[in-house]
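We have chain A; now place chain B onto it with these hints.
If you want the building blocks of each chain, they are given just below.
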Amino acid sequence: MTDTVLEVRNLKVAFPAPGGVIRAVEGIDLTTTKGECVALVGESGCGKSVTALSVMKLLRTPPSVSRIDKLQLDGRDLTHLTERDMERIRGKDMAMIFQDAMTALNPVMTVGKQIDEVYRRHTKMSRKQAREETVKALELVGVPEARSRADSFPHELSGGMRQRVLIALAFACMPKLIIADEPTTSLDVTIQAQVLDVLKSMQRDHDVSALLITHDLSVVANMADTVYVMYSGKIVERAAVLELFTDPRHPYTEGLLASVPKLSDDKQAFVQIPDTVPHPMHKPDGCYFHPRCSHVGFRCDQQMPRLETLQNGRQIRCWHPLRQERVT
Amino acid sequence: MTVKGNWQSSDPLLEMDGVSVDFPVKRAYPFGKRRWIQAVTDVSLNIAEGETFGIVGESGCGKSTLGNAMIGMVRPTAGTVRFQGDDLYALKPKAFKESRRNMQMIFQDPFSSLNPRFSVYDIIKEPMYIRGGASEAEMKAKVLELLKLVGLDEEDLHRNPSDFSGGQRQRIGIARAIVLNPRFLICDEPVSGLDVSVHAQIMNLLMEIQERLNLTYVFISHNLAVVKNVCQNVLVMYLGKVMEAGTSDALFANPQHPYTKALLSAVLDVDVESSRERILLKGDTPSPIDPPKGCRFWQRCPFAMKGCETIPAELVDVEPGHQIACHLISGFSAEQAAAGLNEPAASQPES
Chain A
1 MTDTVLEVRN LKVAFPAPGG VIRAVEGIDL TTTKGECVAL VGESGCGKSV TALSVMKLLR
61 TPPSVSRIDK LQLDGRDLTH LTERDMERIR GKDMAMIFQD AMTALNPVMT VGKQIDEVYR
121 RHTKMSRKQA REETVKALEL VGVPEARSRA DSFPHELSGG MRQRVLIALA FACMPKLIIA
181 DEPTTSLDVT IQAQVLDVLK SMQRDHDVSA LLITHDLSVV ANMADTVYVM YSGKIVERAA
241 VLELFTDPRH PYTEGLLASV PKLSDDKQAF VQIPDTVPHP MHKPDGCYFH PRCSHVGFRC
301 DQQMPRLETL QNGRQIRCWH PLRQERVT
Chain B
1001 MTVKGNWQSS DPLLEMDGVS VDFPVKRAYP FGKRRWIQAV TDVSLNIAEG ETFGIVGESG
1061 CGKSTLGNAM IGMVRPTAGT VRFQGDDLYA LKPKAFKESR RNMQMIFQDP FSSLNPRFSV
1121 YDIIKEPMYI RGGASEAEMK AKVLELLKLV GLDEEDLHRN PSDFSGGQRQ RIGIARAIVL
1181 NPRFLICDEP VSGLDVSVHA QIMNLLMEIQ ERLNLTYVFI SHNLAVVKNV CQNVLVMYLG
1241 KVMEAGTSDA LFANPQHPYT KALLSAVLDV DVESSRERIL LKGDTPSPID PPKGCRFWQR
1301 CPFAMKGCET IPAELVDVEP GHQIACHLIS GFSAEQAAAG LNEPAASQPE S
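Sequence lines, in order, name chains A and B.
Here the first sequence is numbered in the numbering used here, starting from 1 and rising by one per residue.
Here the second sequence is numbered in the numbering used here, starting from 1001 and rising by one per residue.
Just chain A, same shape as in the assembly (with noise of 0.2 angstroms):
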């Protein structure tokens, strides 16, 4: 497990705003190997998103504020290249697949010339050529007749269909890294299962490295194989996605997975977390989530507890993390 494709190193990004300033990502680190899939799971606003532009080095300064250690793409660094150099890492390197395919794609442009155009831009290929390898990564993603397919505009296309575009044209040139920021949200159920289908057969074949940005740990069970937690900027837990979810340690993991109905649940009341997210602008001292934490204990107000590392890689940020030691 050396082959280390992204690693970030104390990524902190902040945006200006009236009346202080919104710390979004507060020093986070991130590593991904060959083949893996790591899953960036968080609510809106603790700042997963950001992570995964900032990544992309897609924030723009200003408005944001960005300081990275290091940013490494497969033995690479990225830190200081210009925006040129980046436009060529973009695409061929990693790309990125996008929530909303509606927005992502170019209303006015058939979705083959929007893949032809990742090849006649990163690779020499004259259009013909381009238009074959078009097709065949559509047919890749399982869009039926790809070859009449590729001749239609998004709107043309369901949910399902574009979504699948957008995973075909992320995979065109075989990137190392691909970063999914909520693929599957705005899908159907069972459309959100052939989707995920897709995408991790693309990912397992192809020995991508992904980073899987979403909310809903359903989809991380079935996709990840590492798991970060984030909270308000923060990472709280890094576990594999089989230690997490069979013995989460950080109450706030705890809490997300109890409050997610199961159909295997009987009627009873939903488990809650109380109070929401604090606001960006105004955290609270000590351990973010102890206002809301059902552990809090001794110095929880008073101080940010340290991302601790455990064995096997395992990281925890918490004063009075659970214990939960199996007995065997």
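Simulated from the structure, these hints should not be mistaken for laboratory data.
Glycine included, C-beta positions come from ideal geometry on N, C-alpha and C.
There's no promise every hint is true.
Straight-line C-alpha distance at most 25 angstroms; calculated PhoX-like pairs for lysine-lysine [claimed, not checked]:
{"id": "1", "chain 1": "A", "residue 1": "Lys70", "chain 2": "A", "residue 2": "Lys34"}
{"id": "2", "chain 1": "A", "residue 1": "Lys34", "chain 2": "A", "residue 2": "Lys136"}
{"id": "3", "chain 1": "A", "residue 1": "Lys200", "chain 2": "A", "residue 2": "Lys34"}
{"id": "4", "chain 1": "B", "residue 1": "Lys1293", "chain 2": "B", "residue 2": "Lys1282"}
{"id": "5", "chain 1": "B", "residue 1": "Lys1097", "chain 2": "B", "residue 2": "Lys1140"}
{"id": "6", "chain 1": "A", "residue 1": "Lys92", "chain 2": "A", "residue 2": "Lys70"}
{"id": "7", "chain 1": "B", "residue 1": "Lys1293", "chain 2": "B", "residue 2": "Lys1306"}
{"id": "8", "chain 1": "A", "residue 1": "Lys262", "chain 2": "B", "residue 2": "Lys1261"}
{"id": "9", "chain 1": "B", "residue 1": "Lys1293", "chain 2": "A", "residue 2": "Lys200"}
{"id": "10", "chain 1": "A", "residue 1": "Lys200", "chain 2": "B", "residue 2": "Lys1261"}
{"id": "11", "chain 1": "B", "residue 1": "Lys1282", "chain 2": "B", "residue 2": "Lys1261"}
{"id": "12", "chain 1": "B", "residue 1": "Lys1306", "chain 2": "A", "residue 2": "Lys136"}
On the chain B side, residues computed to face chain A include the following (Cβ under 10 angstroms) [claimed, not checked]:
{"id": "13", "residue": "Ser1112"}
{"id": "14", "residue": "Pro1116"}
{"id": "15", "residue": "His1199"}
{"id": "16", "residue": "Ala1200"}
{"id": "17", "residue": "Val1230"}
Relative to chain A, chain B alone:
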């Protein structure tokens, strides 16, 4: 005409009989053929006082249109809706308004359903103000009482919706819906626009209010797990038609319709240890304009047989409190076989 199940109460608060809602589509060219979106087709149901009735389905299946038809917001093209025994769409305007006060709605998106220029007080008092007959002091007392009930502060009274988070806004929406003491509340995807950790709060609040005020809920959702936990009776819809209906215990314990099964298996679980077999449906939901003539689901059905595409499936009882519309269960009757099965079956399109 669909059969009404024995699981439904004989003295309902709301009764729908063969309700269909069609919307005209703009003609492609002048004098062209008029086409219709068949949003809801032939739905009959009874909702008893105090129960929670779930409507499940994917987007575009007509679940919101059905909800709107229930409270008089969309006039059905066929069928009747009876609320407290009165035919809702035959009432005189004054009586209709009176009835309408007993039915309210909670909307999905708390960001667009509240007027951004109104204060919380204005939003919640608006229904009382329109009804008239209450003094300013009475209205204020009532609004304060409701704010407390939905878990907001007195200080929030004069703030604007933009000062609140999604969950808090939804609480304001709930307060507005119950201000006139309705008997019947439609919750149209009340939590799907909210954060995961807030879902449970709002759901629990809704349940608590139901108990305290003895409300009847219609709960429209695409989340089967939530529906299973809160509803007594459930309707599964696909492309405007009822596929399966019954008590939620019977339906979830023993789903019969291929669509319900697929829908259930498509729900992703957070349980990483168990591996369930998943049924992946092919293709997309077809357009509700000129839907399939036979069973609406046949194009995506993994078990479609000859005849499914021409003969509509009727709801039949499979067990007490459980109805299903599928030829796999009911088979074809003799005259159907004579009329329909002889027609050449269209080949199933590859999708």
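Taking the hints in turn, this is what the structure says about them:
no.: 1; hint: A:Lys70 with A:Lys34; verdict: 19 angstroms, holds
no.: 2; hint: A:Lys34 with A:Lys136; verdict: 24 angstroms, holds
no.: 3; hint: A:Lys200 with A:Lys34; verdict: 14 angstroms, holds
no.: 4; hint: B:Lys1293 with B:Lys1282; verdict: 19 angstroms, holds
no.: 5; hint: B:Lys1097 with B:Lys1140; verdict: 23 angstroms, holds
no.: 6; hint: A:Lys92 with A:Lys70; verdict: 21 angstroms, holds
no.: 7; hint: B:Lys1293 with B:Lys1306; verdict: 13 angstroms, holds
no.: 8; hint: A:Lys262 with B:Lys1261; verdict: 16 angstroms, holds
no.: 9; hint: B:Lys1293 with A:Lys200; verdict: 36 angstroms, violated
no.: 10; hint: A:Lys200 with B:Lys1261; verdict: 23 angstroms, holds
no.: 11; hint: B:Lys1282 with B:Lys1261; verdict: 14 angstroms, holds
no.: 12; hint: B:Lys1306 with A:Lys136; verdict: 34 angstroms, violated
no.: 13; hint: Ser1112; verdict: 16 angstroms, violated
no.: 14; hint: Pro1116; verdict: 18 angstroms, violated
no.: 15; hint: His1199; verdict: 6 angstroms, holds
no.: 16; hint: Ala1200; verdict: 4 angstroms, holds
no.: 17; hint: Val1230; verdict: 8 angstroms, holds
Comparing the model with each numbered hint stated earlier shows that hints 9, 12, 13, 14 do not hold.
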